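Chemist: Using the sequences and the hints given, assemble the complete structure.
From first to last, the protein sequence lines stand for chains A and B.
Residue numbers for the first sequence follow this note's numbering, so the first one is 4 and each next one is one higher.
Residue numbers for the second sequence follow this note's numbering, so the first one is 978 and each next one is one higher.
Hint data in this document are derived by calculation from the structure and do not stem from the laboratory.
Values in this document were obtained by computation on a predicted structure and should not be read as measured data.
Hints are supplied without guarantee of correctness; some may be wrong.
To be verified - For lysine-lysine, the following DSBU-like pairs were computed, each having C-alpha atoms within a straight-line distance of at most 35 Å:
no., chain 1, residue 1, chain 2, residue 2
1, B, Lys1028, B, Lys1017
2, A, Lys288, B, Lys1499
3, B, Lys1017, A, Lys283
4, B, Lys1252, A, Lys162
5, A, Lys46, B, Lys1351
Spelled out from the first residue to the last, the chains are:
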Amino acid sequence: MDKRTLITFASWEPRFLLGAKRLIERKTPIELPVGNVIIFYSKGLETWTCGTRKQASDLWEKNGVSVKQVEVSYEEPVKSWKKIRAEINGVCKNGARVIVDISTMPRNTIFTIFQLLEAYGHTVVSVYNQPDKYKLPLCEDPERPYLIFKMSGEFDVAKQGTVLIVTLGFNPERLSTLIRYYEPVLTLVGLQEGEQFENQLRTVKVYSEMFGAQSNVDCFDIDVYAEGRGYETLTEVVTEYKSGYNILMSSLGPKPSVVSMYRVYKAGNKDVGFCYVPMKTYNIKYSKGIGETLVDLL
Amino acid sequence: MPAETADKFLEEIIMSVKNPFSFEAATSLRDEEVVEWYVKDHNLSRAILSKRNILVIGNRGSGKTMMLKYYEIVTQRNAIERTNKESEGKRDDGECEYFGVYIPCNDGLLLKRESSLYEDINSKAISRHILTLYLLYYFSKALSRVEDANPHVLSDEEERSIRTTVGLSLGCNISDENRVFKSISDITRNILIDDQVTLNNPNEEPPFKRYHAFETLIYPFLAELKDKEAFKDYHIMLMFDDVQYLDKYQMRTLNSWISIRSHDYFSFKTTITRKKDYELFTLSDGAIMEGHDYSAILLEYSMHYPTSDFGKLARDVVKKRLELINSGSSPESFFPMNPRLEVELKECEKRVKFEYLSEHPKASRKQVNDHVYKYAPAIYFRDRYERSRGKAGRPPYSGFDILTYLSTGVIRNLLEPCFKMYDKVLDEHESKNGMRLIRHGIQTRVIQEISKEKWQVLREGISHLVPGCAKAEDKQILNLFDQLAILFRKRLLDPNASEPRANSFAITEGGLSEEEREHLFKLLDFAQQAQFLYVRLGTAKDYGGLEEYYVPNRMLWPARGLDPHGQHARIYLSDRVLLAATIGQKIPYDPKDEVAQEVLFDG
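Modeler: Pasting the structure below:
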């Protein structure tokens, strides 16, 4: 039987391990079994993940799946990008089917992996396991933002400036940092609809307090948990501004917005640039348990 | 007219009045606004309109962009006027004219990092290539404005010659569907987009077959221009704004260009927020040197007197803004001082003068004036504190001079309170027939509001404003400013303090380890980036050399009842004491032990 490669990112969050169990037990809509696993993990947080990495590796190997752990360091972005490219190039054969578990993967890595996999002709399935509960904050202390390698857009010097389009999540400081750094003429903030994870209080209210009064910041509603992950909404927003402005996008909101943003990029919007705000401090007790699994074919 | 309708009518009129103290970014202003609002500083003007390479250093809000935009607009307008006259055969005096090209460095195109994915040699070539094309785009776009205004600025033959030369350099045909400079800017724009597509391709390596450089693209273009009748008498100013945004090799590329000194047809004017954010190496690992390759100008001022350079500039800026609303008032009469404050200050001056002369009957006039300058305001603050012990009792901060001091030498800091005061008057419908002044009560309220907001920002933390600053460091920065405020208050109220109003400080070595010292300076750096602290250069207490000293944003002081003037003096604090202050320990103060210095010549 055709087997798939799974690419995942090690975390101390329980859903990292619980997600692996779900895949092994075939409790997700993915029918084909996993043949090999690449676990990327972050240098600097390796002590936080060494236990879960070992447990996950044991679990997969017990089920006859080969596992490779690959260290990446966000203090060495060039080296890390090259490492990811080498892994994707080497381990996954051209045209293989690849599952990417984005649950605990940093968003810059997700974009890079999606792009590289597609560039090498792979079919990509994205898996996202929601946690059962969140405990804030996930992370603190934004660092200097940057454009994601090879997805940095095609800036047209003749356009009237930059429009920043983001989905907002539980770290509004990340948005402040982006606005200060890129100085967009307009920022459009996608606010997740619904009440899940105290969304109205943690995102919508915080947005109003921090950005509501700023004349060059506006918001729109989006539902990234719905089918399509809000792709149509994002496409509409991008289309409206693209002819006159350079567009920068950043996923700061619920994780599935990475999927819809990538789809926007893929659907003839490679001129859109993607930016990322790394964070300095992480919370070891960020989430509990595992919730619904969302599966998307890119 | 019924009252309700009249009120609405009045509101509409008031709403239609644009706030003259707007402090929007210069890039979002219309050309007319830039020309109307900009206040020329004659020394600066002489430096910019010169053939020298100039590096202008100034924080956000100090007016760097406004300055470059102004010189771009006026020099281009002059060029348009001149070429028009020349084409009518009216003028050709052969005098050198300046032509400015504004080049912003915070464009997303220059923030891309793909070049770093390649080996050093390719990485350098890519950065140089992109920056060269970027320069050519802005340069040709600026020239196309002249061409648009005067389509016959170049003969057909001259156009052909430029097309051929630039076409050869770029390796493509420059079509003659449009005028030459428009064609060049269009084609450069397209090449830049194509190159980004190539750079974004994850499979390509190395990316380009042909790399452009100043020597192979810009030089031939400049040579063509110099050869043309309409442009031969110009000096081209290539003005790069906010060069701290450039990546390592872009900076080095620009420095390599600056280091070319065998020309007088062009020069580079660059701006930067802080010198430490910019490295001076060239692509060939040489370095550019101040005085030799470029002259540096500080666009920040250690301002202690209304008659200082910044005092004059601040007055001119506000005067010009007031002229825009036909106020008919001078800055001093538009922002009057609370009369009680004025009277009480005068009384203190008299008292201090009398007491000093009683003790020193033979004192010279200068000695008396110096003593009064140093101590009279301090005594005012002390008296006020004594009188209002137990109550809020903050001084009624008001008057144009106070606003100038509160700005800490940064134009945007001057305009912000003026803007808010003007808005408040409009909100309260205080001025129905054109505004002549802002009442001192409103000034005091707005100053206090802004001052409290500043402390609130410090309390909430600057980590979300400054990349790299951690939440744990927020508290340390707040502690530091809090302890400085406590120290400055103690000194102000102490009759034995030698320089009671000093509110800037220099740092001495107190035996910290390298790691501890690094941490302290990192915190100071974050505070600078958030514009709570400014670094100035002044005469050192020893040997008359220069030293860096720190000036906290003076807008912090009204909320703490302190004197924003700051006196022409600074105190010396050890790094150990400052580090201890970051964890909330009091800064020790004993007038007998303290080193405070009156400084001369800081302006």
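Chemist: Taking the numbered hints from earlier one at a time, note which ones the structure violates and give those numbers from smallest to largest.
Modeler: 3, 5
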